[in-house]
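These protein sequence lines map, in sequence, to chains F and X.
Per numbering that gives the first Met the number 0: the first sequence = residues 0 to 409.
Per numbering that gives the first Met the number 0: the second sequence = residues 0 to 298.
Possibly wrong hints are sitting among the right ones.
[Stated by the list, open to error] Which chain F residues face chain X? A few, computed with CB under 7 Å, are given here:
| no. | residue |
| --- | --- |
| 1 | L5 |
| 2 | T170 |
| 3 | T174 |
| 4 | G363 |
[As the list claims (entries may be wrong)] 20 Å max Cα-Cα, derived SDA-like pairs, lysine to any residue:
| no. | chain 1 | residue 1 | chain 2 | residue 2 |
| --- | --- | --- | --- | --- |
| 5 | F | K405 | X | L86 |
| 6 | F | K405 | F | P113 |
| 7 | F | K358 | X | L86 |
Keep in mind that the hints were calculated from the coordinates and are not lab data.
Note that the coordinates shown come from a computational prediction; the quantities given were computed from them, not determined experimentally.
C-beta atoms are modelled at their ideal positions from N, C-alpha and C, and glycine is treated no differently.
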Amino acid sequence: MTAQQLLTGNAAAAWGARLADADYIPAFPITPQTEIIELLAQWSAHGEVPARFVTLDSEHSMLTAAGAAAAAGARVFTATSSQGLLYGCEVLYTIAGWRVPLVLVNVSRALASPITLEADHNDILAARDTGFLQIHAETCQEIVDSILMGYRLAEDEQVMVPVLVNLDGFTLSFTREPVTLPSPAAVAEFLPAYHPRHAYIRGDKPMAQGTAVLGGAPYSYFRYQQQRAQDNALTIHQTIAEEFALRFGRRYDLVESFQLDDADYVLVMSNAFASKGKAMVQWWRTQGRKVGLLRLRVVRPFPGAAIAAALVGRKAVAVFDQNIAPGSGGILYPEIAAALYHEPRRPPLLSVIGGLGGKDISAGEFEAVFQHLERIASGTTVIGPLLLYTQQERDRVRTLLQIAGKELSA
Amino acid sequence: MLRIRFHGRGGQGMKTASRILGSAGFHAGWIVQDSPVYGAERRGAPMSAFTRLAREPIRERGVIASPDLVVIADETLLADLAAQPLLGCDTRSTVLMNTRKQSAELSPLGAVSREAIFAADFTALALETTQSLASLSVALGVAAARLLGLSLSEALAGVTDELSPHLSAERQAKNVALAQVAYARAEGWPIIQERQTTDSPTLVTLVEVAFDPPTVAAPSIYAISNSPERKTGNWRQFRPVLHAELCTRCWICFVRCPEAAIALDAHDYPVVDYDQCKGCLLCVHECPTHAFTAEQEVR
Ligand code: SF4
Ligand code: SF4
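Produce the complete structure using the sequences and hints provided.
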């Protein structure tokens, strides 16, 4: 194992592809992802990465090329962000249906309109029903590790569906922190070469892939197979996680428990801002408040049982959604509520929407969430969702609206 | 944990300065996190970068709200609402300022105590030693490293890590020389200590977002041409100066200026609007007859 070095999240993602020894890398730039493909392009140009690196004319073409290469039997890596992921979304459904493995990194960036650059999770969660598995990373280290675990999961014959690894724009993509890169030899042992058994191109064995079916029954069969593959991924992920921990000393479960053992109150968070939640938990612990954090890591398949096991019996739970489904609220909240519905000891839940467009979640806002948790624990019904938006921020936005020539009521 | 916030303008190298400090701290055995924020990349626009050094894994992310040290590359940022470099500073914060003024001449900087303001002309230092403004990143990164108690060899290791491998050996050597000078410049200053206690969170009031009519709530702008009111003239570090006797009136500069800050006078000679000219020096580089020269701004 090599020493630690400082890497940005984007560099960590590029290293993940390099260590996984990808064969084919189709690319298209978009902020804040571009650094990933720039690094891979550079390595490919200097012969440090043997992969075939190809630039395409759009994310739609890029993902089509990625899926086609995976269907030809290549190990494929590619990356995108935000609008790019949505532009290619049609293809995501298609290639997940082909049952071909590849790893696609998404660098989260909030969606237009209004257009912006910083992170929230409406992009990655728009892809939640595509059939891709989804792993959401909290740290730069976890990005490298999740890409390696992602290939193992995608290429497992019990699973055989593509994987999306998510990292937040700016807070991870441009942030350097210490990362340990495993040696290529150790990775090669953990992740041996991919030998496709069902989707490949060979002159002596013609096949048609991704065929059309008419009449609902064949369609139902093939679609439900994707559900079964995701079910399997829950178990296979744990096997891979154990092996990864044995080989590399870092353990990643479907969900991560932080100070949960005796916690009365729990924050449910995901991605980079989960770190901020953990820092708050540590602070609350010094104040004698029993708060813990549950981090959602594997979001597809949805680990409902693990989530329910972690949350039953708590005094109150706040589910943070760094996303918004207008007309409904937070996207993850109803999924977590559903996972708890049949539990007799289900806790009261608070839906929190925060960090939209990369807005910071300050310690003061966490404190406000905690106060709400205490209130619902003592029986007050909170009609959610609770938007994290402060008076100071409102005033600042009003100033901007005035500059833009809007007539504001008092 | 030590929290350092860098403020500069796009092109002044403060992202690199924050990485030089981060790498230096990493060499000294600290756990490090560094990250920049900027909007749509634009030369001259205010940007900031953050470096955290800690003994425990760092769980903070993004902006630093209460900095131990604020490094200000450009004095004009003090008055810029988009930058607000002193935000969140209190009596425990230190300011490192790149300025031609002496510390004593500076007006009070928010809540920061006078004894905790350190000023020097790092721009002059950089120009003397490397003849390149791009080296401001080295000078300020290293001075910050010294203020945090890192050794010269750790600071130099940070510089070496972050210097572009594409720089010639001569330029590399000049930057190392600058690092030594900048470190020496900061040597008399006291070393910043880690805070012993964590502050209680400042309570905030959450507010509801009520429905507004689309005339307010849609992201459109009704105010007509208010962009000229955002004067970009104070972004300039160098001013383009026309030497009309060399000008052939080809209009290349007029066409190329990204700010449309060049107009033509009655005789078709270019005229620079110094209220808007942001000092990108494209005109200087594009003029085929070298009729524009670049002169350092004195502020
Ligand atoms: S330096 Fe020249 S090109 Fe740049 S903004 Fe000023 S006038 Fe325009
Ligand atoms: S580019 Fe040079 S020569 Fe041409 S108009 Fe501008 S200053 Fe004159």
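| said: Next pair to validate is F/K358 with X/L86; report whether the Cα-Cα distance is within 20 Å. | reply: 17 Å, holds
Check your understanding: Once the shortest beta carbon distance from F/T170 to chain X is found, is it less than 7 Å?
Key -> 5 Å, holds
* **Holds or violated: F/K405 to X/L86, with C-alpha atoms at most 20 Å apart** => Roughly 27 Å separates the two Cα atoms, so the pair is violated.
Can we keep the F/G363 interface hint, with Cβ of chain X closer than 7 Å?
-> With Cβ-Cβ at 4 Å, under 7 Å, it holds.
query = F/K405 and F/P113: Cα distance at most 20 Å?
reply = 16 Å, holds
F/L5 as an interface hint toward chain X, with CB separation required under 7 Å: 6 Å, holds
Query - Interface hint compliance - F/T174 to chain X, C-beta minimum distance less than 7 Å - result: 4 Å, holds
Going through the hint list in order, the structure does not satisfy hint 5, though it satisfies all others.
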